[in-house]
Amino acid sequence: MGFDYGKYIRPGKLPHIWCPGCGHGIVMKGLIRAIDSVGFSKDMTSIVSGIGCASRLPGYVDFCTLHTTHGRGVAFATGIKMAKPEMNVICVGGDGDGVAIGGNHFIHACRRNIDITYLIMNNNIYGMTGGQFSPTTPTGAKASTTPYGNPDPPFDIAKLAIGAGATFVARGTAFHAAQIDKLLAEAMRHKGFSVVEILDSCPTTYGRRNKYKSVIEMMNHLKDVAVPLSAAEKMTAEQLRGKVITGVLYKENKPEYASEYRKLVERVQAG
Amino acid sequence: MISSFERHGAMEKKKPVVLVNERYCKGCHICVEFCPTSVFEMRGFTAVVKNPEACIACMQCELRCPDFAVTVSQ
Ligand SMILES: Cc1ncc(C[n+]2csc(CCOP(=O)(O)OP(=O)(O)O)c2C)c(N)n1
Ligand code: SF4
Ligand code: SF4
Ligand code: SF4
Ligand SMILES: [Mg+2]
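Protein sequences appear in the order of chains A and B.
Each residue of the first sequence is one higher than the one before, starting from 1 at the first, in this note's numbering.
Each residue of the second sequence is one higher than the one before, starting from 1 at the first, in this note's numbering.
To be clear, the hints were calculated from the coordinates, so they are not data collected in a lab.
Incorrect hints may appear among the rest.
Stretch-level coverage of chain A by chain B, calculated; a stretch enters the list once three of its residues show a Cβ under 8 Å from a Cβ in chain B [to be verified]:
1) 11–20
2) 25–37
3) 215–222
Partial list, computed: chain A residues near chain B (C-beta under 8 Å) [as the list claims (entries may be wrong)]:
4) Gly-2
5) Ala-177
6) Tyr-261
Please read these numbers as outputs of a predicted model, since none were measured by experiment.
A virtual CB, placed ideally from N, CA and C, is assigned to each residue, including glycine.
Taking the hints into account, I'd like the entire structure generated from these sequences.
Quick look at the structure:
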């Protein structure tokens, strides 16, 4: 028997706006299954986003949702967690939203280790605005703003998160659909800033310009590049060239910001 | 004609029922491609269930459809 997504989707909101074969729909289903498995209630769960195709996600799901300004989802999510630490706060968005315009909010949320789960749907492009390159567009790839190939090296979002202080960092792909909810559920259970990067596909503005002939080719590419951490540990640097390591990449327990801030307030008020 | 005995036998096997909601389907081909037993085919811009008998209830189609268009029930 399949999963009943209907109980978490706002009535009348489907079909969603995403293009045929866009991975965002697959990721949204994973997020719903994850929330269901950890048992977060609708009233106590806030889903926040910035702007972009990925950031349209909160409009479809029946939780306390907030669709904000470009790159600022994490800042609004921080505000919610500080004001109502008892809420389960989840922020979602794209690569452009999270590591281009929102990059500064991102690194500082990692540094503070505030208890938010941050889902980044990384399709390596600005999908919504017609395919401009993002900080995760691979070197050499074509975008509307890099018609001769992208000269920039890309960010590794997971490494960036670990370097900036996030205490839970995981990576999956839209092809490995059954793993998405497992990674997100573990991230939600972790107390601290948890980053889950899902390698995603934008057939419309990225696939067409690059070498992908179809939605299926993009999905199979995700399948081919992903190497689970356990397998990667036994591989040489040469064997890992061009591959992306998936799974829970980093986990650490450190003081959480909203709790530490409460303690500070109590200490100061006690005089 | 099927006897009630046979019908009972068929019920016991609990054949999976695969449905495509054509109002949601955007014709991405994902279910057609990733179903291991070729249950689906494309008809115009929509996926349709062509071989319901072949379904092994692996749930791949329901898991992967980006558009909430496929359901498999037993
Ligand atoms: C302040 C501001 N600058 C620029 C934009 C235009 N804009 C909208 S979405 C977007 C990029 C979205 O890319 P991403 O976050 O990767 O999401 P995707 O569409 O790829 O899912 C941009 C630049 C905006 N809405 N607001
Ligand atoms: S433009 Fe790209 S990211 Fe946006 S909905 Fe279409 S396929 Fe998805
Ligand atoms: S996977 Fe879903 S949207 Fe894509 S063709 Fe099949 S039913 Fe339609
Ligand atoms: S459940 Fe598996 S076998 Fe049945 S239609 Fe879906 S993908 Fe095919
Ligand atoms: Mg993007």
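Verification of the supplied hints:
1. 11–20: holds (count 6)
2. 25–37: It holds: at least three residues are needed, and the segment 25–37 of chain A offers 3 whose Cβ sits within less than 8 Å of chain B.
3. 215–222: Per the Cβ count (3), the hint holds.
4. Gly-2: 5 Å, holds
5. Ala-177: 5 Å, holds
6. Tyr-261: 39 Å, violated
When each numbered hint is compared with the structure, a violation occurs for hint 6 only.
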